[in-house]
Amino acid sequence: MAVDLEKLEQLLTNKLREKFGEAIRDITSYRGELTVRLDREVVLEVSRTLHDDPDFRFDHLSYVTCVDWSAQGRTPRYSVSWFLYSTARRHRVKLTADVPEEDPTVDSVYSVWRSASFTEREAFDMFGVIFQGHPDLRRILMPDDWDGHPLRKDFPLGGVKSFYFKRATDPHAGEPADLVQRIRRQESDI
Amino acid sequence: MDIVVDAPGKAEDKAGTDVLALQAPENALTKTLSEAISYCRRNSIWPVMMGLSCCAIEMMGTAASRYDLSRFGSEVFRPSPRQADLMIVAGTVTKKMAPVVRRIYDQMTEPKWVIAMGACSSCGGMYNVYSVLQGVDEVIPVDIYVPGCPPRPEALIYAIMQLQKKIRQEPIYLFN
Amino acid sequence: MATRVVEQNYSNIESMTLNMGPQHPSTHGVLRIILELDGETVTKCTPVLGYLHRAKEKHAEFKTYHQFIPYTDRMDYLSPMSNNTAYVMTVEKALGIGITDRCRYLRTLLCELARMSSHLLAVGTGALELGAMTVFMWGFTQREKIYDIFEFISGARFTVSYMRAGGVAREDYPEWRRRVREFLDGYMRTQEEMEAMLNENEIFLQRMIGVGRISAEDAINFGLGGPSLRGSGIDWDIRRDTPYLAYEEADWEVAYETEGDCYARFLVRMRELRESWRICCQMLDLLAKHSGERMNIDNPKIVFPPKDNVKKSMEDLIHHFLLASEGFKVPPGEVYHAIEAPKGELGFYLVADGGPRAYRLGVRSPSFINLGALEHMCVGELLADVVAIIASLDPVMGEVDR
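Respectively, the protein sequence lines represent chains A, B and C.
Take the first sequence: its letter number 167 is residue 167 in this note's numbering, and every next letter is one higher.
Take the second sequence: its letter number 103 is residue 103 in this note's numbering, and every next letter is one higher.
Take the third sequence: its letter number 10 is residue 10 in this note's numbering, and every next letter is one higher.
Certain hints may be false.
[Claimed, not checked] Simulated pairs of lysine-lysine, DSSO-like, Cα-Cα distance not exceeding 30 Å:
1. C:Lys301 <-> A:Lys153
2. A:Lys153 <-> C:Lys329
3. C:Lys307 <-> C:Lys329
4. C:Lys63 <-> A:Lys153
These are computed hints drawn from the structure, not numbers from a lab.
No experiment lies behind these values; they were computed from the predicted model shown.
Please take these sequences and the hints and turn them into a complete structure.
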């Protein structure tokens with residue numbers, strides 16, 4: 001059940017250009033995959049259109065992720081990508097929007113696809129991009145008190161500072177104590 | 001009160017045991033008793049469930065039908081640390097997980113032993129990154145390290161046999 | 001039926017918060033769930049992830065394309081062959097190269113064996129958590145046989161690192177094919193025993209039927225994949241709908257159920273085991289038929305030369321050295337490739353910048369997204385059913401946290 005790429009590209013170009021005009025920057029295909037580059041202001045409306053329009057019916061949001069372009073010196077620094085799939089029509093498309101470093105915000109598509117819940121939280125955790133309108137935008141993989149966003153290019157592989165851990169030795173080693181005291185201390189440690 | 005049976009003369013070495021270190025001379029009764037206790041301990045090591053990642057699958061494989069860990073008395077994986085005396089740390093310990101591992105270790109009753117299963121829990125393994133603890137021995141003391149990524153079930157069984165050997169050599173404190 | 005005799009105002013009774021995990025025997029790894037309970041009914045369920053975050057996506061930016069293959073093994077550590085294949089196919093797509101027929105058959109066979117091993121564990125541990133020990137043991141007996149098969153071809157029991165861009169690490173051989181045949185011949189007996197054991201087991205059915213329902217629209221909206229999606233009546237399988245490898249050439253059917261509860265997801269897994277078995281048998285025949293052909297593609301810039309030749313031929317030595325030390329370069333571009341892993345759609349998003357390392361590698365892992373629907377499924381269910389629901393989603397934490 002091969003999908004006619006050119007037809008879909010034509011359809012996307014016509015419908016989206018008509019509705020959103022210059023906010024749709026370009027539609028390209030590479031290795032058999034379609035990419036729609038668009039302004040970040042229209043992400044939510046485009047998503048809703050693609051979800052509801054009977055010609056597209058992109059009802060399945062596979063994945064949301066982000067790329068940090070700072071190592072290549074590109075501005076704007078981030079780009080967020082949404083991978084859409086249609087279980088009815090069996091076609092795929094990728095939306096990409098640039099997000100500048102000064103104002104790393106983009107609209108959340110949670111109201112369209114609830115699968116965005118975890119993936120947007122992950123992108124926020126790893127890159128620090130804020131998805132406006134997400135009901136519960138917290139860190140998901142790193143601890144809540146973690147400092148920094150690990151997948152940014154300026155974050156080193158080994159981390160910036162190591163967590164401090166109590167060494168495995170008994171903190172009261174060497175202190176004289178009787179049995180009762182020792183057990184009380186153990187209880188309070190646990 | 002500490003009564004050291006198996007290693008006479010070692011009682012004063014234990015820090016903080018100032019009460020009545022009764023150095024019982026080795027006799028037939030205490031020798032037999034301590035051997036019996038040691039025999040029971042080393043042949044019924046109950047591990048706590050500490051399957052963290054990939055190694056957990058090999059740990060399950062060790063306990064399951066082919067390798068049958070119950071031949072060595074260690075197949076009773078306890079969900080509660082209170083009922084266990086061995087912790088097989090099977091898998092990568094991340095920095096988020098490390099306090100939990102330490103807590104579960106603290107909740108285990110004495111005497112307790114730890115096997116660091118696999119490269120990750122021994123030294124961090126292939127993950128030298130911001131989120132992974134470089135070896136579980138940074139938070140809890142480890143008795144046996146098992147190399148491999150993941151170790152084969154035979155390696156884990158060998159580690160448990162080594163642990164049995166170690167327990168056999170340990171002194172038994174009858175009252176503590 | 002019980003009728004409420006005394007009407008009381010319960011509004012001042014607080015709900016109870018229960019912490020499950022991160023080290024809990026029935027959470028399939030280090031998953032932590034914070035449950036809010038009203039009596040025994042779950043009113044809120046918050047999964048807390050990240051206890052096994054091993055920064056694989058960060059690693060990918062520091063390793064060459066071949067060096068990253070072992071890391072993919074340890075994502076979904078129940079089916080490393082599928083992960084290897086998905087990653088390697090993404091790299092091949094970015095490189096713009098194809099693979100030989102024989103390699104396609106071998107990869108399909110191994111992926112399906114991995115699916116069988118993963119589903120056997122899912123069914124076995126699912127039953128174990130509901131109190132049935134036997135199926136777990138039977139499943140593990142078969143899994144050990146699959147591990148033997150993997151070991152005979154790759155050298156490792158399940159962290160295989162077997163696939164390579166443009167081919168595989170080692171070729172298959174007649175003795176190995178004989179062993180696979182032996183396993184496949186003997187497998188169906190266990191399958192029938194397991195089905196007889198569970199499908200007519202009243203306790204098991206009572207615990208599974210009607211629990212953790214999710215409608216078809218919700219299942220799609222939550223982005224579920226694999227057996228979790230097909231249990232809700234969606235007839236969607238990437239293996240059939242965007243065919244890759246040799247699935248088009250095999251005769252098989254997509255298994256799906258319409259109920260959307262835990263039992264439906266369990267049934268889908270059981271039926272997929274049968275379908276995988278069918279595919280394996282056909283692939284084995286095809287593999288035997290093509291046994292004399294070339295396995296890896298003929299491209300010394302990408303594929304490692306055979307180890308024996310490295311010791312004899314100067315050219316091969318140079319190629320081997322360059323590949324091992326520097327790696328091959330991938331032309332700049334962004335590709336996304338998804339395959340049907342045992343848990344659902346496993347996709348790799350590769351941003352190549354023309355160098356020997358990935359600029360960014362994103363992993364769309366099925367377990368991670370499937371867990372997003374956990375709260376929707378659990379709310380309103382009883383506490384004891386949470387375990388059954390987790391087992392029916394079958395998350396693997398290595399893949400959730402990556």
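Against the structure, the hints:
1. C:Lys301 <-> A:Lys153: holds, 29 Å
2. A:Lys153 <-> C:Lys329: Answer holds: lysine 153 of chain A to lysine 329 of chain C is near 20 Å, not above 30 Å.
3. C:Lys307 <-> C:Lys329: The hint holds at about 22 Å.
4. C:Lys63 <-> A:Lys153: With Cα atoms ~15 Å apart, lysine 63 of chain C and lysine 153 of chain A stay inside 30 Å; holds.
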